[in-house]
Amino acid sequence: MILDSARLAPMANAIRALSMDAVQAANSGHPGMPMGMADVATVLFSQALKFDPAAPKWPDRDRFVLSAGHGSMLIYSLLHLTGYEAPTMADIRNFRQLHSVCAGHPENTELAGIECTTGPLGQGFAMAVGMAMAERHLNATFGAGLVDHKTWVIAGDGCLMEGINHEAVGLAGMMKLGGLNVLWDDNNITIDGDTSLSTCEDIAARYLASGWHVTRCDGHDFADIARALAEAAADPRPSLVACKTVIGKGAPNKQGGHSVHGAPLGADEIAAAREYLGWTAAPFEVPAEILADWRSLGAKGAAARAVWEARLAADPQGSEFSRRMAGELPADKSAARDYLASLIENPPKVATRKASEMALEALTAAIPELVGGSADLTGSNLTKTKATTPFSASDYAGRHVHYGIREFGMAAAMNGMALHGGVIPYGGTFLVFADYCRNAIRMSAIQKARVVYVLTHDSIGLGEDGPTHQPIEHVMSLRAIPNLLVFRPADAIETAESWALALKQADRPSALALSRQNLPPVRFEAEMKTAKGGYRLKTADAARQAVLVASGSEVEIALACAAQLEASGIGADVVSMPCCELFDEQDTAYRADLLPAGVLKVSIEAGITLGWQKYVGDGLTIGIDSFGASAPADKLYDYFGLSADKIVPQIMARLGQ
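What the sequence shown shows, in this note's numbering, is residues 340 to 996, in sequence order.
Please note that the accuracy of each hint is not assured.
To be verified - Here are the simulated EDC-like cross-link-like pairs (lysine to aspartate or glutamate), alpha carbons at most 20 Å apart as the crow flies:
| id | residue 1 | residue 2 |
| --- | --- | --- |
| 1 | LYS974 | ASP964 |
| 2 | LYS843 | GLU667 |
| 3 | LYS843 | GLU696 |
| 4 | LYS688 | ASP973 |
| 5 | LYS787 | GLU449 |
| 6 | LYS693 | ASP715 |
Hints were generated in silico from the structure; no laboratory data involved.
Using the sequences plus the hints, can you model the full thing?
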């Protein structure tokens with residue numbers, strides 16, 4: 340542990356030098372935050388953070404989240420200086436260039452030392468809340484011998500100003516997450532200028548009112564920083580440390596102003612900064628004695644990890660803990676098989692949200708790492724099961740989180756839980772409110788996080804609540820997000836298969852769009868057909884002239900249409916399409932066989948028609964390209980033309996019948 344400020348100051352200046360040189364070389368970036376928070380970061384890594392560069396995925400490491408991700412050169416500098424395998428100095432020289440692991444914002448998929456992808460302000464903070472929740476849950480399950488670490492966050496004014504911050508702060512305070520410590524870069528600067536332009540909030544008071552511990556420090560006084568960090572670590576509440584800093588510290592003519600926030604310093608100012616800091620090394624060079632001080636920190640972490648590994652080897656729960664942290668599902672699949680067999684034996688007519696609950700009853704009993712929840716809609720989303728008691732400050736071993744009306748905060752926290760490891764999170768809200776958490780869903784996909792979104796009330800079928808609650812564009816808009824599987828199952832069997840497939844996705848999230856209204860069974864055999872994304876549910880009896888493609892509640896309508904067409908001598912296939920993304924991953928021959936050329940293809944879905952042209956070409960797209968209305972579900976389906984009696988004449992007309 341390095342306590343001498345005479346050694347800490349050059350270590351911090353190494354961060355400043357690398358940051359300003361990399362941004363200048365790229366002619367793009369944000370030097371102000373890394374230079375302003377260099378002193379705080381140096382104390383954090385040298386005095387408080389538990390980590391081992393030789394084992395970036397050590398399960399009991401402290402998690403460090405750079406929520407203010409625009410200052411990415413701070414974490415790139417720290418990872419290089421402390422001895423992580425990457426980034427190398429060559430990587431730092433290549434900052435913000437194509438294929439560089441030192442991207443514009445930190446990306447968890449590029450560097451092992453980065454816990455989560457940050458940049459959209461506030462989300463790193465909110466993901467850290469999820470990480471702290473996962474730590475508490477695993478601590479309650481496996482004990483402090485295996486799980487006892489903290490989550491440290493560096494956040495800026497923007498992170499604290501974003502709306503998601505209010506959701507995350509309230510959740511963390513309610514859960515009494517004492518292992519969560521947020522270091523606020525309190526420099527009073529945003530891109531536009533001084534924070535007084537846009538806020539008069541008493542931030543400390545808000546955090547105190549939300550059950551947090553708040554302390555302050557001079558962000559350029561090493562002893563004061565160390566005092567504040569120790570105080571935060573010791574307090575049983577989540578902590579906010581207001582670190583009073585000067586943005587761009589070390590750039591004598593620009594420090595303290597907003598011009599240093601998001602632009603290179605320029606050659607003249609960098610020369611002046613080198614003189615001001617007494618930094619004589621050439622660009623992208625760190626003197627050996629300073630680098631040695633940084634690298635010495637890794638040895639401390641290696642010793643702590645070795646002691647922990649000995650505990651893991653001796654712990655009776657060690658293998659189960661390792662299984663969960665590796666993201667491997669339990670080997671015993673009998674519960675899922677038995678449940679699916681029961682559906683085949685006695686196919687139920689239920690809403691797919693109810694079918695989801697039925698599947699979860701079996702899955703949560705068999706897979707203990709499943710941690711669910713809902714944004715205050717538990718009774719509607721049906722995400723709580725007999726096996727999932729409430730997760731709370733009085734029982735962190737619980738597995739159902741009452742997130743409150745915090746859809747965005749819930750989604751980001753689930754990302755943090757998944758990225759922490761040892762937990763597979765799922766959470767529910769109405770599909771229409773996916774808009775509230777859309778950017779976090781997008782971040783799930785970018786980060787390759789195994790998160791399952793349970794999105795119920797998936798169409799006008801929810802009925803009387805009307806246009807504000809009836810999703811129209813939402814399913815298709817979610818399908819537009821890369822690396823996200825969107826399941827819209829048609830019955831209980833497809834719902835069970837969707838859950839099984841979602842849980843197998845170790846490197847991508849899933850969204851289940853589920854109905855409020857009861858749906859009849861359409862499948863009667865167990866063959867995991869949902870794995871193909873789309874499959875032929877009904878084969879034409881007469882010569883095939885049409886292929887009807889539908890998802891979810893509209894599969895029943897497609898079958899009714901096919902029956903009418905067959906009665907008129909027109910052969911019609913019905914293709915159930917529970918997951919377009921999985922269908923797109925099938926080979927060309929399979930897709931061509933399902934959607935052959937030379938026949939009329941018709942899509943039927945209670946949502947916007949945009950996007951279905953990919954599958955039906957110039958065929959018919961039956962859907963809703965307006966907002967909904969308030970009425971019982973059956974009347975709405977008739978009003979919007981989603982019935983066999985109104986669809987079949989359109990098909991007949993296109994076929995010239």
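To see whether the hints hold, each was checked on the structure:
1. LYS974 - ASP964: holds (17 Å)
2. LYS843 - GLU667: holds (9 Å)
3. LYS843 - GLU696: holds (18 Å)
4. LYS688 - ASP973: Within the cut-off at roughly 16 Å; holds.
5. LYS787 - GLU449: Between LYS787 and GLU449 the Cα gap is close to 12 Å, so the pair holds against 20 Å.
6. LYS693 - ASP715: holds (17 Å)
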